[in-house]
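Those sequence lines, one after another, are chains A and B.
Heads up, the working numbering is the position in the first sequence plus 421, with the first residue counted as 1.
Heads up, the working numbering is the position in the second sequence plus 2, with the first residue counted as 1.
Incorrect hints may have been included.
Said to hold, decoys possible - Subject to a maximum C-alpha distance of 30 Å in a straight line, what follows is the list of computed DSS-like cross-link-like pairs (lysine-lysine): (1) B:Lys-235 with A:Lys-439; (2) B:Lys-235 with A:Lys-442; (3) A:Lys-456 with A:Lys-493.
It is worth saying that the hints were derived from the structure and are not from the lab.
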Amino acid sequence: MNIKILGSGCANCINLEKAAKQAASDLGIDATFEKVTDYADIASYGIMRTPGLVVDEQVLLSGRVPTAAQVKELLAPLLG
Amino acid sequence: MSATTDTGTSTRRKSIQRWGGLLLATVVWWALYLLNQPFWDWLVGRVFGLDLTSRLGSGVNFFFLDTVKILLLLAGIIFIVTVLRSFMSVERTRALLGGKREGIGNVLAASLGVVTPFCSCSAVPAFIGFVASGIPLGVTMSFLIASPLVNEVAIALLLGLFGIGPTLLYVSAGLVIAILAGFIIGRFKLERWVEPFVFETKLRGKIIDSTAGLTWDDRIQMGIEEVASILRKIWPYLLVGIGLGAAIHGWAPQDFFAKYAGADNPFAVLIAVLVGIPLYSNAAGILPLIDALYAKGMPMGTLLAFMMATVALSLPEMILLRRVLKPKLIAVFVSVTAVGIIGVGYLFNAIL
Numbered sequence: 422m423n424i425k426i427l428g429s430g431c432a433n434c435i436n437l438e439k440a441a442k443q444a445a446s447d448l449g450i451d452a453t454f455e456k457v458t459d460y461a462d463i464a465s466y467g468i469m470r471t472p473g474l475v476v477d478e479q480v481l482l483s484g485r486v487p488t489a490a491q492v493k494e495l496l497a498p499l500l501g
Numbered sequence: 003m004s005a006t007t008d009t010g011t012s013t014r015r016k017s018i019q020r021w022g023g024l025l026l027a028t029v030v031w032w033a034l035y036l037l038n039q040p041f042w043d044w045l046v047g048r049v050f051g052l053d054l055t056s057r058l059g060s061g062v063n064f065f066f067l068d069t070v071k072i073l074l075l076l077a078g079i080i081f082i083v084t085v086l087r088s089f090m091s092v093e094r095t096r097a098l099l100g101g102k103r104e105g106i107g108n109v110l111a112a113s114l115g116v117v118t119p120f121c122s123c124s125a126v127p128a129f130i131g132f133v134a135s136g137i138p139l140g141v142t143m144s145f146l147i148a149s150p151l152v153n154e155v156a157i158a159l160l161l162g163l164f165g166i167g168p169t170l171l172y173v174s175a176g177l178v179i180a181i182l183a184g185f186i187i188g189r190f191k192l193e194r195w196v197e198p199f200v201f202e203t204k205l206r207g208k209i210i211d212s213t214a215g216l217t218w219d220d221r222i223q224m225g226i227e228e229v230a231s232i233l234r235k236i237w238p239y240l241l242v243g244i245g246l247g248a249a250i251h252g253w254a255p256q257d258f259f260a261k262y263a264g265a266d267n268p269f270a271v272l273i274a275v276l277v278g279i280p281l282y283s284n285a286a287g288i289l290p291l292i293d294a295l296y297a298k299g300m301p302m303g304t305l306l307a308f309m310m311a312t313v314a315l316s317l318p319e320m321i322l323l324r325r326v327l328k329p330k331l332i333a334v335f336v337s338v339t340a341v342g343i344i345g346v347g348y349l350f351n352a353i354l
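Hey, can you work out the whole structure from these sequences and the hints?
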């Protein structure tokens, strides 16, 4: 599973990354994490509010920081 | 008891808790707001024993009074605005603006800029997102100008400190400036001064609405978090602004500013705006200062212009926008907005 965190380094992006990593480890997912900070790349996903969560090239969430539990809810349907 | 009855009861109970909690919070808020002045008058005047008409006494009193009042106003309005805005999203704004011509597009963009949740860190992705999906440059600029210019913190504070009149003036002035500035920028066909990559950005993937599926509890949670986050960010500015305001309140002679920067000084608005542009502060830091200046005789038009110049244009935002706008466009953006603000300042001085 490839998880991308979209954002340019503000506190929200860091918190999203923490929540996502927590969720991934709770679910036992072996995921690669990437940070995307280039604006052109961020915008190309159709995201206009950072932070953004992209999993396997699919945008799951943008514009707010979810809790680890909420990220788990988003990730669970994508397993197996 | 069947399972459905259980779920029904617990959802109802949660609902009662949620709305009951909000009602209680509102009552407490009002109580604190109304008791604020009498409390500090009592504490500073009687308990500390300061003479409230003296410089020290009135300065100290003002400091505490304003701090509590502003904190209450900020908490209240930010919470309400965030919850309301959670029904709106930048993605929906973009969809609404798509295909609208200039003129009507500018009006719509400016209005949406006021109600759409937006922080300046998203200015660049939002700009790219709008332009790459075909929204005209001028219309996008109307959105980008309106959003920071008419912000809820400023509205909250103006409402509390000066009442509904100046607040409405501020909102309408901000909208008009955003509409006209965006329209003018569009007319000049300045697309060539946008960084080329913006137009080449291909939007791929499904566009998701960032506010889909939010429950009331989610929205209230967002409101509370936004209040905490904004207060955390601005409290130093707030204290400095209130401190300066308190000093002016206590020490500057009455009508001091009326003499030097009053309505009959033709350069007052110009200087106020030129000073305000490079200043980086948010509305919370500036408004206590403005409150004190107004009490000392500075006219409202000059003050509103000063506040708009400080809030709408800032060096950090310009640096951010440099990624998508060439310097010439940034210069046009700043000058058109500044001229608009100056015009508004003179106009309000004349009619108020």
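The hints, checked one at a time:
{"no.": "1", "hint": "B:Lys-235 with A:Lys-439", "verdict": "21 Å, holds"}
{"no.": "2", "hint": "B:Lys-235 with A:Lys-442", "verdict": "26 Å, holds"}
{"no.": "3", "hint": "A:Lys-456 with A:Lys-493", "verdict": "19 Å, holds"}
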